[in-house]
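Engineer: Here is how the chains run, residue by residue.
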Amino acid sequence: MAVVLTKKSKVLVQGITGHQGQFHTQQMLAFGTKVVGGVTPGKGGERIHGVPVFNTVAEAVRQTGADTSLIFVPAAFTKDAVLEAVDAGVENAVVITEHVPVHDALDFVHFAKSQGVTLIGPNCPGAASPGEKAKVGILPNMIFRPGDVAIASRSGTLTYEIVNALSEAGIGQSTCLGLGGDPVPGTTFVDALEKFEADAATKRIVLVGEIGGTAEEEAAAYIEKRVSKPVYAYIAGRTAPEGKRMGHAGAIVTRGMGTAQSKVKAFEKAGAKVAKFPTDIAELMKKAKK
Amino acid sequence: MKLYEYQGKDLLQKAGIPTPPGRVVSSMKELEAAKSSLRYPLVVKAQVLVGGRGKAGGIQFADNWDEAKKHTQNILGMTIKGLKVNKVLLVEKIEFAKELYASVLIDRSSRKPLFLVSAEGGVEIESVADEKIHRKTVNPLAGVSGYVVRELTDAMGLEPQVRHQVQDILVKLYKAFRANDCELLEINPLAVTPDGKVLAGDAKAILNDGALFRHPDLEKVEEEYTPLEQEARAQNIAFIQLEGKIGVIANGAGLTMATLDALQEFGGAAGVFLDLGGTDNPEQVTRAFRLMKKAEPSVMLLNMFGGITKCDTVARGIMAVLEKEPVDFPIVTRIKGTNAKEANEIFKNAGFTTANTLQEAAQKAVELERGGPASNGSHAKPKKATVTTKGGKK
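Going down the list, the protein sequences come from chains A and S.
Here our numbering is used: the first residue of the first sequence is 609, the next is one more, and so on.
Here our numbering is used: the first residue of the second sequence is 37, the next is one more, and so on.
Hint data in this document are derived by calculation from the structure and do not stem from the laboratory.
Bear in mind the structure is a predicted one, so any value in this text is a computation, not a measurement.
Hints may be right or wrong, so weigh each one.
[Said to hold, decoys possible] Between beta-carbon pairs, the in silico distance windows are:
| # | chain 1 | residue 1 | chain 2 | residue 2 | range |
| --- | --- | --- | --- | --- | --- |
| 1 | S | 57 | A | 663 | 51 to 59 Å |
| 2 | A | 640 | S | 254 | 44 to 52 Å |
| 3 | A | 884 | S | 233 | 55 to 63 Å |
| 4 | A | 697 | S | 197 | 45 to 53 Å |
| 5 | A | 616 | S | 266 | 49 to 57 Å |
| 6 | A | 666 | S | 232 | 51 to 59 Å |
| 7 | S | 303 | A | 894 | 24 to 32 Å |
| 8 | S | 197 | A | 666 | 51 to 59 Å |
| 9 | S | 245 | A | 697 | 30 to 38 Å |
| 10 | S | 183 | A | 894 | 54 to 62 Å |
[Claimed, not checked] In the DSS-like style, the derived pairs of lysine-lysine whose C-alpha atoms are separated by at most 30 Å in a straight line are:
| # | chain 1 | residue 1 | chain 2 | residue 2 |
| --- | --- | --- | --- | --- |
| 11 | A | 642 | A | 721 |
| 12 | A | 884 | S | 384 |
| 13 | S | 377 | A | 884 |
| 14 | A | 721 | S | 211 |
| 15 | A | 833 | S | 172 |
| 16 | A | 894 | A | 873 |
Glycine included, every Cβ here is placed at the ideal spot set by N, Cα and C.
Sequences and hints are given; from them, build the entire structure.
Structural biologist: Structure representation (structure tokens):
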């Protein structure tokens, strides 16, 4: 069945008339995604690649029955766009926009949570379920291949690298979730793991993490307790200079966690296989199969 | 963006949190103009974004105008840990009977604002014992309700008169944290005077870069960046200067970090982190490449995965710059994804060292940096060695 996105998902694009919105609507349609509508205030009645445009999300949902919204609007208006989507009753909202003010993310992440909406992003490449022919976001179409590996990642191009290497090795994917690199994401590794563990189409899991925050350490703790499927991981930033941005107060909160070393150690302790180079994940999987 | 102490205090003051009266000046002329408003004894404090100001002589006490003048003269223009002091804050000296600690920051784990408070302030919070630091997250939808600050002050064990003032300050601190788009807003020390008044002895604020557009009046602070990094920031290019000599260009922060890591696996070190992002806009590629040139790397490593971004467009952008402005360092490329074949042809014809995998590219970059004989070697299909030796160190 895959998670978040299935072949039944009806997708709406907020910001469909913009340059990015138009281009990626076309790409999603080519992937097989059911893009049923777009929203740009003031542009209702237009059509983009045959997709009807509405003035508001509420109207679009009423007319099309859309359950998933993809958000492309500029950073300053992203909070409003997410609140609008959640309020209109979508089940999933995926936010591609980068440089979203972190205090706006605080607000819309918790609003989505309170309404039971699955929010992915901000600052993420989107999600894809290759076997379901469904993709939302800016992930390149050609890297995917249907299969049983679920991927959750905090990085964009690194995800493409890893998925592409898997596909080249003949290993397909059930679902790929780009969680985004921002400090306050809508979906975390733990949220993703919970979905992957419950998904019948997923047999193996890949997590692509990076330095900063403690999402990987929390994921490792969750794997130990709740995940039965094999987990593979890659962590970027082993050699990045230590981020001093949060100063001492930040260091207190993470208490030694947040470094690449701490994350690798936590994953290994939880029984996950950690790759040294991104493309090695495919190698590790092939070895495990033998 | 980190703020200077005086900007942080200004932010607290506007939120209604008591701070000792002070004036900030950037010249002796401005000091003269402030003369009548100064109250003694006072402290003259260098405004720089590094710790250890006191030890470096950047904090001095003055009992009268002559001393204030002397210290201001000395501190203005002095260099602390490589940073020039352009401003000093003259602030009334207050007696502390007790020093507390209070901050709000964004807690990535709970994805909520988090209060940290302690009855033991005035020192670096890292050195305070864990059980003496009290924490409380705030659901941003609910905001800071009375019970939140009651719990915190209760844990701090404050006497009634101080407790009420601290509660009031914590509520205002949270509001200022939210209203000003802070990633961190810290008062250390939160000072208690001998007559029981509570006020902010210092202020540290980090604003979220993504929200600076909402605070257009705020003076930009960029001294934590190198001149080249500032130039990059102005052009919206993610560019960081590091200790090593190999310049790395990749697309996407994660992939760029992975490239840095790969270099280290082969004993090398990056000198530049340049994340091209999702662009193949020739102008942006040109600007990025020019910045890389200015950083004078000994070798450059381009690692790219083209998804929506077309590899050959980026390759043509780079060649367009090189034709006009050749470089004297060797270039190693590793290209994968959309139109990678075409891009590889372009780079091979240009005499670059091309690699098929990140591992191979990292190894070759490290060899070249050491002046060694990198070639399109073992992992690659046999082809002519295309090493450029112009910039290789002997």
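Engineer: Give a verdict on every hint.
Structural biologist: Going down the list of hints, with the structure as the test:
1. In this structure, residue 57 of chain S and residue 663 of chain A meet the distance hint of 51 to 59 Å, their C-beta atoms being roughly 53 Å apart.
2. Separated by about 47 Å at the C-beta atoms, residue 640 of chain A and residue 254 of chain S satisfy the suggested range of 44 to 52 Å.
3. For residue 884 of chain A and residue 233 of chain S, the hinted distance range of 55 to 63 Å is satisfied, since their beta carbons lie about 58 Å from each other.
4. Hint check: residue 697 of chain A to residue 197 of chain S, Cβ distance near 51 Å, so the stated range 45 to 53 Å holds.
5. Take residue 616 of chain A and residue 266 of chain S: their Cβ atoms lie about 50 Å apart, and the range 49 to 57 Å holds.
6. Checked against the given bound of 51 to 59 Å, the beta carbons of residue 666 of chain A and residue 232 of chain S, roughly 55 Å apart, stay inside it.
7. With their beta carbons about 28 Å apart, residue 303 of chain S and residue 894 of chain A fall inside the hinted range of 24 to 32 Å.
8. With their beta carbons about 53 Å apart, residue 197 of chain S and residue 666 of chain A fall inside the hinted range of 51 to 59 Å.
9. Between residue 245 of chain S and residue 697 of chain A, the C-beta spacing of about 33 Å keeps the proposed range 30 to 38 Å intact.
10. For residue 183 of chain S and residue 894 of chain A, the Cβ-Cβ distance of about 55 Å falls inside the hinted range of 54 to 62 Å, so the restraint holds.
11. With a C-alpha separation of about 25 Å, the suggested pair residue 642 of chain A and residue 721 of chain A falls inside the 30 Å cut-off, and the hint holds.
12. Between the alpha carbons of residue 884 of chain A and residue 384 of chain S the distance comes to roughly 28 Å, so the proposed pair stays at or under 30 Å and holds.
13. For the hint pairing residue 377 of chain S with residue 884 of chain A, the CA-to-CA distance comes to about 26 Å; that is within 30 Å, so the pair holds.
14. Between residue 721 of chain A and residue 211 of chain S the CA atoms are separated by roughly 23 Å; this keeps the pair inside 30 Å, and the hint holds.
15. Of the supplied pair hints, the one linking residue 833 of chain A and residue 172 of chain S holds, its CA atoms being roughly 26 Å apart against a limit of 30 Å.
16. Straight-line distance between C-alpha atoms of residue 894 of chain A and residue 873 of chain A comes to about 23 Å, which keeps the hinted pair within the 30 Å bound.
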